[in-house]
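**Q** So the protein lines, in turn, are chains A and B. Residue 1 is where the first sequence starts when you use our numbering, and the numbers rise one by one after that. Residue 319 is where the second sequence starts when you use our numbering, and the numbers rise one by one after that.
It cannot be assumed that every hint is accurate.
[Unchecked claim] Result set (SDA-like, lysine to any residue): computed pairs, CA atoms no more than 20 Å apart in a straight line:
1) Lys-121(A) with Arg-194(A)
2) Lys-439(B) with Ile-244(A)
3) Lys-207(A) with Asp-296(A)
4) Lys-121(A) with Gly-362(B)
5) Lys-207(A) with Ser-288(A)
6) Lys-284(A) with Ala-208(A)
[What the hints assert, rightly or not] If you want the footprint, here are the derived chain A segments under chain B, 3+ residues with CB under 8 Å:
7) 36-49
8) 145-154
9) 291-303
[Stated by the list, open to error] From the structure, some residues in chain B lie toward chain A, with a derived Cβ separation under 7 Å:
10) Arg-344
11) Cys-359
12) Val-364
13) Thr-368
14) Asp-451
15) Thr-458
16) Ser-557
17) Leu-560
18) Ile-562
In case anyone wonders, no lab produced these hints; they're calculated from the structure. Note that this is a predicted model, so its numbers are computed, not measured. In this text, a Cβ means the ideal position worked out from N, Cα and C, and glycines have one as well.
One letter stands for each residue in the lines below.
2 protein chains.
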Amino acid sequence: MDATVGSLGEEALVARIVRGTGAMPRGVVLGPGDDAAVVACPDGRVVLTTDLLVEGRHFRRDWSGAGDIGHRSVAESLADVAAMGARPTSVVMGLGVPGDVEVAWVDEFLVAAVAECARGKAALVGGDVVASDQVIVCVTATGDLEGRAPVTRAGARVGDVVAVCGRLGWAAAGLAVLSRGFRSPRALVDAHRRPEPPYDAGVRAAKAGATALMDVSDGLLLDSGRMAAASGVTLALESSRLEIGEPVATAAAAYHVDPLVWVLGGGDDHALLATFPADVRLPKGFSSIGAVVAADGDPVVLVDGRVPEVESGYRHFS
Amino acid sequence: MDATVGSLGEEALVARIVRGTGAMPRGVVLGPGDDAAVVACPDGRVVLTTDLLVEGRHFRRDWSGAGDIGHRSVAESLADVAAMGARPTSVVMGLGVPGDVEVAWVDEFLVAAVAECARGKAALVGGDVVASDQVIVCVTATGDLEGRAPVTRAGARVGDVVAVCGRLGWAAAGLAVLSRGFRSPRALVDAHRRPEPPYDAGVRAAKAGATALMDVSDGLLLDSGRMAAASGVTLALESSRLEIGEPVATAAAAYHVDPLVWVLGGGDDHALLATFPADVRLPKGFSSIGAVVAADGDPVVLVDGRVPEVESGYRHFS
Numbered sequence: 001m002d003a004t005v006g007s008l009g010e011e012a013l014v015a016r017i018v019r020g021t022g023a024m025p026r027g028v029v030l031g032p033g034d035d036a037a038v039v040a041c042p043d044g045r046v047v048l049t050t051d052l053l054v055e056g057r058h059f060r061r062d063w064s065g066a067g068d069i070g071h072r073s074v075a076e077s078l079a080d081v082a083a084m085g086a087r088p089t090s091v092v093m094g095l096g097v098p099g100d101v102e103v104a105w106v107d108e109f110l111v112a113a114v115a116e117c118a119r120g121k122a123a124l125v126g127g128d129v130v131a132s133d134q135v136i137v138c139v140t141a142t143g144d145l146e147g148r149a150p151v152t153r154a155g156a157r158v159g160d161v162v163a164v165c166g167r168l169g170w171a172a173a174g175l176a177v178l179s180r181g182f183r184s185p186r187a188l189v190d191a192h193r194r195p196e197p198p199y200d201a202g203v204r205a206a207k208a209g210a211t212a213l214m215d216v217s218d219g220l221l222l223d224s225g226r227m228a229a230a231s232g233v234t235l236a237l238e239s240s241r242l243e244i245g246e247p248v249a250t251a252a253a254a255y256h257v258d259p260l261v262w263v264l265g266g267g268d269d270h271a272l273l274a275t276f277p278a279d280v281r282l283p284k285g286f287s288s289i290g291a292v293v294a295a296d297g298d299p300v301v302l303v304d305g306r307v308p309e310v311e312s313g314y315r316h317f318s
Numbered sequence: 319m320d321a322t323v324g325s326l327g328e329e330a331l332v333a334r335i336v337r338g339t340g341a342m343p344r345g346v347v348l349g350p351g352d353d354a355a356v357v358a359c360p361d362g363r364v365v366l367t368t369d370l371l372v373e374g375r376h377f378r379r380d381w382s383g384a385g386d387i388g389h390r391s392v393a394e395s396l397a398d399v400a401a402m403g404a405r406p407t408s409v410v411m412g413l414g415v416p417g418d419v420e421v422a423w424v425d426e427f428l429v430a431a432v433a434e435c436a437r438g439k440a441a442l443v444g445g446d447v448v449a450s451d452q453v454i455v456c457v458t459a460t461g462d463l464e465g466r467a468p469v470t471r472a473g474a475r476v477g478d479v480v481a482v483c484g485r486l487g488w489a490a491a492g493l494a495v496l497s498r499g500f501r502s503p504r505a506l507v508d509a510h511r512r513p514e515p516p517y518d519a520g521v522r523a524a525k526a527g528a529t530a531l532m533d534v535s536d537g538l539l540l541d542s543g544r545m546a547a548a549s550g551v552t553l554a555l556e557s558s559r560l561e562i563g564e565p566v567a568t569a570a571a572a573y574h575v576d577p578l579v580w581v582l583g584g585g586d587d588h589a590l591l592a593t594f595p596a597d598v599r600l601p602k603g604f605s606s607i608g609a610v611v612a613a614d615g616d617p618v619v620l621v622d623g624r625v626p627e628v629e630s631g632y633r634h635f636s
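Given only the sequences and the hints, what does the whole structure look like? Please build it.
**A** Structure follows, in structure tokens:
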């Protein structure tokens, strides 16, 4: 029988995880193993965000492997750092696992989490491991603004271009595939399991002069609605400008679903949504999907001039 | 019927929590409500620590109220910041609650969490709220070293004085009281429910020249064993120097328990354990409990010259 985390015990498991985090890059003053880590903040300010993922709600262990969950939980928080126009620097992680989970599961989780941290150029500098009924992952990420102002979701101005960088609808299509009992198309399933947010695009957007920036985690409609509300403007999107990925279109046709349901309503791809002054040349990876217009009454999101009927993104507690 | 978080929904709950965090102090560049917060790090480095607390493992909702859980989860992380010799600056929090939990529970949790942040002079700057089967709290805290080196657990040197600041055994005695079905003595039950780590003592220890510093969260024996191992020394404690609080002594007598079982083995009071050069005048609140001696073989903790038989602190997964 394979060893479980229960049989290994906390002390040995923590030691194993600390070994698995590997060598610390420059910028980490003190890595894992003490009461707290110490990370350099050359800018004099630190960007700080936390995300809590819970089994059965954000992922299922029969649909996502340990590596998928490790990857995805890190990706969500690093995307939030990028969404401020900052560069990710470090990650600390709270991990809850049932005692009967195999040590190999934790190993696979950790390898993928560390790899995704590395893709974001952030170091995993600390954490906490506890026993729990469900698998729980809480990832807190830090970032560095490199002297720039943070780009909030509240800065969109009338006349700006609305642009997006990254995939829309792929993760939702992948979840729909899994929900129907299938494991392919693989590209969609992988998009759900291992989203790859365009971390560098956050810094590019900030440098290009983005007026507002945010991470699309709950669906384009819901999140652009949040940007509209925070900025006090209306975002007028054009559906013809929304890229519908080829596998998304194929799956939608097979399931007799309007692909826009996934593209507008689906979350978890962690594309970046931004607004730029109209005279700015959009940075690499961004494409225009609409314009910022004055709110006529409450700030809303329009698609092709109308308030869309598509069911919008994921909501908890519902 | 009172409103539940399920009936309120995520968006309204988050808005309610953001309102509840109140005005942000100076040092917070950007508070709750965006993809991430931004906090000043005047020192150019940030101290970072995370703690995950899970219902049924770290607390029981029938033994601890919402306010107790909010207070305690913040206290654990701020104590870790203090244990580096740093001043707490900010907190972000992941909160998982079952949908049938009342909104009033979350309100009470938040008020106490914000109050304990304020006691530590830290601001609650962000978080994430999700639905979960168990109540889950993951608190990440940041701190500022004010130009000092972090004080790790690895710096204890032969000849140093071992000292402690804060209570030992109170929370364990309180847990024993609750386990036996009682709700008093109130001082002990409160010590379990709402530990009050001496945050300022961490900075005082660092300024006084502490060579090693750590938070006693899993019991004096277990944690001083970790300091001994990290420093490659043996810690020789004297039981006669360990303060046994009056209610701890009374409860021990009533339950026919050796109070040292709680004082040496009990965690969760979050006292600070430190070592200082012998010629240092101990800072306010610290009292000597022993000396650092050369390790004769593996580094260990001795009590009155012997390896103690007392069962040592709490371990997860066991």
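**Q** Output the numbers, in ascending order, of every earlier hint that fails for this structure.
**A** 2, 3, 9, 10, 16, 17, 18
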